[in-house]
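Protein sequence lines correspond, in order, to chains E and H. Going by the working numbering, the first residue of the first sequence is number 1, and it counts up by one from there. Going by the working numbering, the first residue of the second sequence is number 1, and it counts up by one from there.
Hint data in this document are derived by calculation from the structure and do not stem from the laboratory. The structure presented is a predicted model; accordingly, all values stated were derived computationally and were not measured. C-beta atoms are modelled at their ideal positions from N, C-alpha and C, and glycine is treated no differently. Heads up, a few of these hints could be off.
[Stated by the list, open to error] Pairwise CB distance ranges, derived in the manner of DEER restraints:
#1 H:K570 / E:K263: 28 to 34 Å
#2 E:G250 / H:Y248: 43 to 49 Å
#3 H:G262 / E:L206: 37 to 43 Å
#4 H:G276 / E:D504: 35 to 41 Å
#5 H:P205 / E:T299: 53 to 59 Å
#6 H:D209 / E:G276: 28 to 34 Å
#7 H:S255 / E:D504: 28 to 34 Å
#8 E:E311 / H:D209: 36 to 42 Å
#9 E:K263 / H:E125: 48 to 54 Å
[Claimed, not checked] Stretch-level coverage of chain E by chain H, calculated; a stretch enters the list once three of its residues show a Cβ under 8 Å from a Cβ in chain H:
#10 218 to 227
#11 441 to 449
#12 456 to 467
Protein chains: 2
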Amino acid sequence: MWKGKGLEVDLSDGSVEKIETPSSFLRDFLGGRGLGVRILTEHLGAGADPLSGENEIVFATGPLVGLTPLSARCAAVTKSPLTGTILDSSVGGSFGVWMKRTGWDFVCLKGRNKEPAALILDDSEAKIKPAGDLWGKNTGDSFDLLERSYPGSKSFVIGRAGERKVLYACAISDMRHAFGRGGIGAVMGSKNLKAVVVKRSKARPLPLDPTAFEKAEKEAIRLIRASPVLSGGLKSYGTAAIAGVVGYLGIMPRSNFRQVGGKCELIEGEQIARSGKIRRRPCHGCPIGCKRVLLKEETSEDTGEGGKQREIDVPEYETLWAFGPNLECEDLEAIFEANRICNEYGMDTISAGGTIAACAEEDFERLKEKGRLAQWLKRIGEGEDEAGQGSARVSPKTSMTIKGMELPGYDPGGALGQSLSYATSNRGGCHLRAYMIGPEIMGKPKQIDRLSFAGKPGLVYRFQNLAAAVDSLIMCKFSSFALGEEEYANLLSAAVGEYYSPEDLLKTGERIYNLERLFNLREGFGKKDDTLPERAFERVDREEFERALFEYYCWRGWDEEGAPRQEKLKELNIEPL
Amino acid sequence: MWKGKGLEVDLSDGSVEKIETPSSFLRDFLGGRGLGVRILTEHLGAGADPLSGENEIVFATGPLVGLTPLSARCAAVTKSPLTGTILDSSVGGSFGVWMKRTGWDFVCLKGRNKEPAALILDDSEAKIKPAGDLWGKNTGDSFDLLERSYPGSKSFVIGRAGERKVLYACAISDMRHAFGRGGIGAVMGSKNLKAVVVKRSKARPLPLDPTAFEKAEKEAIRLIRASPVLSGGLKSYGTAAIAGVVGYLGIMPRSNFRQVGGKCELIEGEQIARSGKIRRRPCHGCPIGCKRVLLKEETSEDTGEGGKQREIDVPEYETLWAFGPNLECEDLEAIFEANRICNEYGMDTISAGGTIAACAEEDFERLKEKGRLAQWLKRIGEGEDEAGQGSARVSPKTSMTIKGMELPGYDPGGALGQSLSYATSNRGGCHLRAYMIGPEIMGKPKQIDRLSFAGKPGLVYRFQNLAAAVDSLIMCKFSSFALGEEEYANLLSAAVGEYYSPEDLLKTGERIYNLERLFNLREGFGKKDDTLPERAFERVDREEFERALFEYYCWRGWDEEGAPRQEKLKELNIEPL
Numbered sequence: 001m002w003k004g005k006g007l008e009v010d011l012s013d014g015s016v017e018k019i020e021t022p023s024s025f026l027r028d029f030l031g032g033r034g035l036g037v038r039i040l041t042e043h044l045g046a047g048a049d050p051l052s053g054e055n056e057i058v059f060a061t062g063p064l065v066g067l068t069p070l071s072a073r074c075a076a077v078t079k080s081p082l083t084g085t086i087l088d089s090s091v092g093g094s095f096g097v098w099m100k101r102t103g104w105d106f107v108c109l110k111g112r113n114k115e116p117a118a119l120i121l122d123d124s125e126a127k128i129k130p131a132g133d134l135w136g137k138n139t140g141d142s143f144d145l146l147e148r149s150y151p152g153s154k155s156f157v158i159g160r161a162g163e164r165k166v167l168y169a170c171a172i173s174d175m176r177h178a179f180g181r182g183g184i185g186a187v188m189g190s191k192n193l194k195a196v197v198v199k200r201s202k203a204r205p206l207p208l209d210p211t212a213f214e215k216a217e218k219e220a221i222r223l224i225r226a227s228p229v230l231s232g233g234l235k236s237y238g239t240a241a242i243a244g245v246v247g248y249l250g251i252m253p254r255s256n257f258r259q260v261g262g263k264c265e266l267i268e269g270e271q272i273a274r275s276g277k278i279r280r281r282p283c284h285g286c287p288i289g290c291k292r293v294l295l296k297e298e299t300s301e302d303t304g305e306g307g308k309q310r311e312i313d314v315p316e317y318e319t320l321w322a323f324g325p326n327l328e329c330e331d332l333e334a335i336f337e338a339n340r341i342c343n344e345y346g347m348d349t350i351s352a353g354g355t356i357a358a359c360a361e362e363d364f365e366r367l368k369e370k371g372r373l374a375q376w377l378k379r380i381g382e383g384e385d386e387a388g389q390g391s392a393r394v395s396p397k398t399s400m401t402i403k404g405m406e407l408p409g410y411d412p413g414g415a416l417g418q419s420l421s422y423a424t425s426n427r428g429g430c431h432l433r434a435y436m437i438g439p440e441i442m443g444k445p446k447q448i449d450r451l452s453f454a455g456k457p458g459l460v461y462r463f464q465n466l467a468a469a470v471d472s473l474i475m476c477k478f479s480s481f482a483l484g485e486e487e488y489a490n491l492l493s494a495a496v497g498e499y500y501s502p503e504d505l506l507k508t509g510e511r512i513y514n515l516e517r518l519f520n521l522r523e524g525f526g527k528k529d530d531t532l533p534e535r536a537f538e539r540v541d542r543e544e545f546e547r548a549l550f551e552y553y554c555w556r557g558w559d560e561e562g563a564p565r566q567e568k569l570k571e572l573n574i575e576p577l
Numbered sequence: 001m002w003k004g005k006g007l008e009v010d011l012s013d014g015s016v017e018k019i020e021t022p023s024s025f026l027r028d029f030l031g032g033r034g035l036g037v038r039i040l041t042e043h044l045g046a047g048a049d050p051l052s053g054e055n056e057i058v059f060a061t062g063p064l065v066g067l068t069p070l071s072a073r074c075a076a077v078t079k080s081p082l083t084g085t086i087l088d089s090s091v092g093g094s095f096g097v098w099m100k101r102t103g104w105d106f107v108c109l110k111g112r113n114k115e116p117a118a119l120i121l122d123d124s125e126a127k128i129k130p131a132g133d134l135w136g137k138n139t140g141d142s143f144d145l146l147e148r149s150y151p152g153s154k155s156f157v158i159g160r161a162g163e164r165k166v167l168y169a170c171a172i173s174d175m176r177h178a179f180g181r182g183g184i185g186a187v188m189g190s191k192n193l194k195a196v197v198v199k200r201s202k203a204r205p206l207p208l209d210p211t212a213f214e215k216a217e218k219e220a221i222r223l224i225r226a227s228p229v230l231s232g233g234l235k236s237y238g239t240a241a242i243a244g245v246v247g248y249l250g251i252m253p254r255s256n257f258r259q260v261g262g263k264c265e266l267i268e269g270e271q272i273a274r275s276g277k278i279r280r281r282p283c284h285g286c287p288i289g290c291k292r293v294l295l296k297e298e299t300s301e302d303t304g305e306g307g308k309q310r311e312i313d314v315p316e317y318e319t320l321w322a323f324g325p326n327l328e329c330e331d332l333e334a335i336f337e338a339n340r341i342c343n344e345y346g347m348d349t350i351s352a353g354g355t356i357a358a359c360a361e362e363d364f365e366r367l368k369e370k371g372r373l374a375q376w377l378k379r380i381g382e383g384e385d386e387a388g389q390g391s392a393r394v395s396p397k398t399s400m401t402i403k404g405m406e407l408p409g410y411d412p413g414g415a416l417g418q419s420l421s422y423a424t425s426n427r428g429g430c431h432l433r434a435y436m437i438g439p440e441i442m443g444k445p446k447q448i449d450r451l452s453f454a455g456k457p458g459l460v461y462r463f464q465n466l467a468a469a470v471d472s473l474i475m476c477k478f479s480s481f482a483l484g485e486e487e488y489a490n491l492l493s494a495a496v497g498e499y500y501s502p503e504d505l506l507k508t509g510e511r512i513y514n515l516e517r518l519f520n521l522r523e524g525f526g527k528k529d530d531t532l533p534e535r536a537f538e539r540v541d542r543e544e545f546e547r548a549l550f551e552y553y554c555w556r557g558w559d560e561e562g563a564p565r566q567e568k569l570k571e572l573n574i575e576p577l
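Given these sequences and hints, build the entire structure.
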């Protein structure tokens, strides 16, 4: 049976309420993204200002977190200050596992603290503590302080960008993992919430059907180990491995999407691997470990002695692209430094790079001057540059955004299913609502024709539903390179002791997707927003795109304006908002 | 570089010619099905009588045969006496590996021997030997005699059905493996060719790029081991495992397709596993081993002593279905016996069952009388029953065939992609030209909506091309549950030492598929034949089907009558026939 508990914390008055999670929430929305969306849509009225005390953030774990590999995740759901849509974001590392062990399914944060504060969570309660000593600090220093105050704990924090409400400020956990997109950090900043700390708990989550779980997990691990994408490319080179494929197929955007194509060896995984000693820094319990650091030997400033090693984060593909080819930048050190600054200040690298690209596209040459990119990013992080508002606000004509969110590094014209997935994503220009790059570019689970819309609307529909379910289990998106609906459903069924067929799982994802859609419709989003930036239509046929969008609505059971029909809501057992 | 050699054997005058295989044949058609189709289309004129000396059979191995697991196969290509189309068929066991070791890529058999003959192949030559002693014998006795005469050899033979030119007579290898569909056995019978024997050779095929091959093979084996379908269901229960899924989804045809649905536990793998001791009988080097036998203890007739064990072949899913639910037969022993008779006489079980179903559909009750099914099959095998002509000829109104070939055990209405694959199959009603059952029913590599045509034309197009390539490598179709285009391309590239991208591999399959289509068009087949039996349209919407067919032609670059356009032939570098 579904049972769970959560916390509702009102920052305005410091009250903490313990809640029994309604079992229908868990059964129908699972956890993570789904649970967060369910709670947020219930709490939030139409038109709430994302940066006011009206807005809320729900942090949630899920039924598989901490139970199976690739599940060390925590979801955050809020109304995005960047896009005005519903926003969910998910972080890896180990925070999710620590939170799961406390036994709280979710923490819902309301209101606004008067002074800088931190939320301290353990297995019995949550407390709001002053955090004036942390305020004004970037993420690295904040972690140092928190580690001293709460040894053995895990936390996430915002940097100065979040404090200054940069609209794409993120929150950082475990030094290098981010609730990346859409401005979770700005919402935290607006609430004067600097950090969330979870203390170590001794409890361990257990599956309710251990025998079935052992079988399902064994099968999943076998598939993960066998996957060439996971245990080959990603394990060897991290997400930088993607640069090679994307370059090979000529779909890497350049110069703020004004051009497309060509290889970029500079940012390819194999190339980066040659630049020094690389070490994997896996999320909790992950056998792949796509995160990695570069070890640099340093001379001690105090003693003048060498031999001290410093770890420099190797940026993800999206970051390498956003600060590399998309800015015409060919200086790998500058890209690494841009990544470091974003992590320090707590800013989404895709939106940061995309906004700079939109602002600077007439003069990339100037941007190549040594240190200029770093300076610009610091000014944004300090709240001193209007580029902190995102490209859609500050440079709408050159902005490569959908619903106000900057696009990642795959040209829409080179993967038409992905373009439809971009356009219909509930949080804007994001590749993770349905990673059509899998079948269209990497041929997983099956190569399909990337240059045709035929058959894509139905596939995007299913991929989006599956992704919503996976985000609610929670498992890492990359697991989809090895696992299918069946394996996820088997893991879930065994974990919760109730049978979910693969179709049940997809239906759950569909329910989540539709509830998110209802939220966005209420905020005034609709068909007009399910589109691509104008520049993309230089390479995507507009008529074909519109036909595909219409077909997609048909698959979804939405009307011609993109609103779910009554019958669809009834089928999914959700109420109109 | 592509190099190879083959044999052209004229049975009419006993001449044997050694041929250097044109390197373009190998590069552009690989081996197996592709090589056979290339040779046959060059040799055969329009309108050749399949059962005359005009017809030819090409037996061919392929670049991966004997090199990698799931590749112990040999292809046969001829003009089918059952359908009049081009026909390729492929056999497992170990014959293919033995033939590969001789170094001959192919043997092309022409003409007609005056007296019963056998072809004896070794690594230096081929000889035609009299086989009067074998003639009139069924397959079991034939193998006994051949084993005595050629110890250590591998062979395939026809039974009495092939001698009597039953139009769906097959050839049997290694006791239980069949060149199953379309009447290879009848073509052999018409040529007075009873058996093909290949002697053991010491040579071992080697990949041309051993390092790359080792890597590609390791990856393939890891994926095969991890696949739940291969290393779970098929390894545990053989293809009878399919009965459970097909029954669960309610798409198992019954009573000659007059009904559909319901489970049939009788023929499910788990049920059969309970009926006695089961042993796997894998093809050469296969880690899955889906073939299996039931061990039965027997009392010796001579001594009256017990303890002697007899092996009874466990029928494949298609056979279990064809003699079970499709004939309303609920007697597992009768089904096993029907299978045994078909193997002994050398007859395709799907067409045998389908023809009996079409002839008997008004009176299945009578067929249930003990021994009646067995008697009927023996009469067919002896050439004494007109049902040996196939249902399209003897009972056209109730015949569930496409282009004259009987359909297998998946209802077209329950898997619409599969229905399109049936209709456009180059050898008629066959599930193996594009096994859409994979994604539509088993959710591998990805679950797609089985009850919609949307997106299917493009997928069928790609699946058919991939299947044609896999049939030419040659690898077992089941490998597709674990491997994708990329893994096949890597194996091929390493084996032949020339780079094939995944798209190159698909293009090769497309070339083969189009050449087969040209053959069929020349024989008068066309759009009118790309359809389903009338009864199927009770459950398939005709208009939707026709739209999907049209869309399929568009994907293929074929005109409205289903003929490849000039540009497509040019793109594929093949000449019009």
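Do the hints match the structure? See the list:
{"no.": "1", "hint": "H:K570 / E:K263: 28 to 34 Å", "verdict": "holds, 30 Å"}
{"no.": "2", "hint": "E:G250 / H:Y248: 43 to 49 Å", "verdict": "holds, 44 Å"}
{"no.": "3", "hint": "H:G262 / E:L206: 37 to 43 Å", "verdict": "holds, 39 Å"}
{"no.": "4", "hint": "H:G276 / E:D504: 35 to 41 Å", "verdict": "holds, 37 Å"}
{"no.": "5", "hint": "H:P205 / E:T299: 53 to 59 Å", "verdict": "holds, 58 Å"}
{"no.": "6", "hint": "H:D209 / E:G276: 28 to 34 Å", "verdict": "holds, 31 Å"}
{"no.": "7", "hint": "H:S255 / E:D504: 28 to 34 Å", "verdict": "holds, 32 Å"}
{"no.": "8", "hint": "E:E311 / H:D209: 36 to 42 Å", "verdict": "holds, 38 Å"}
{"no.": "9", "hint": "E:K263 / H:E125: 48 to 54 Å", "verdict": "holds, 52 Å"}
{"no.": "10", "hint": "218 to 227", "verdict": "holds (count 6)"}
{"no.": "11", "hint": "441 to 449", "verdict": "holds (count 7)"}
{"no.": "12", "hint": "456 to 467", "verdict": "holds (count 5)"}
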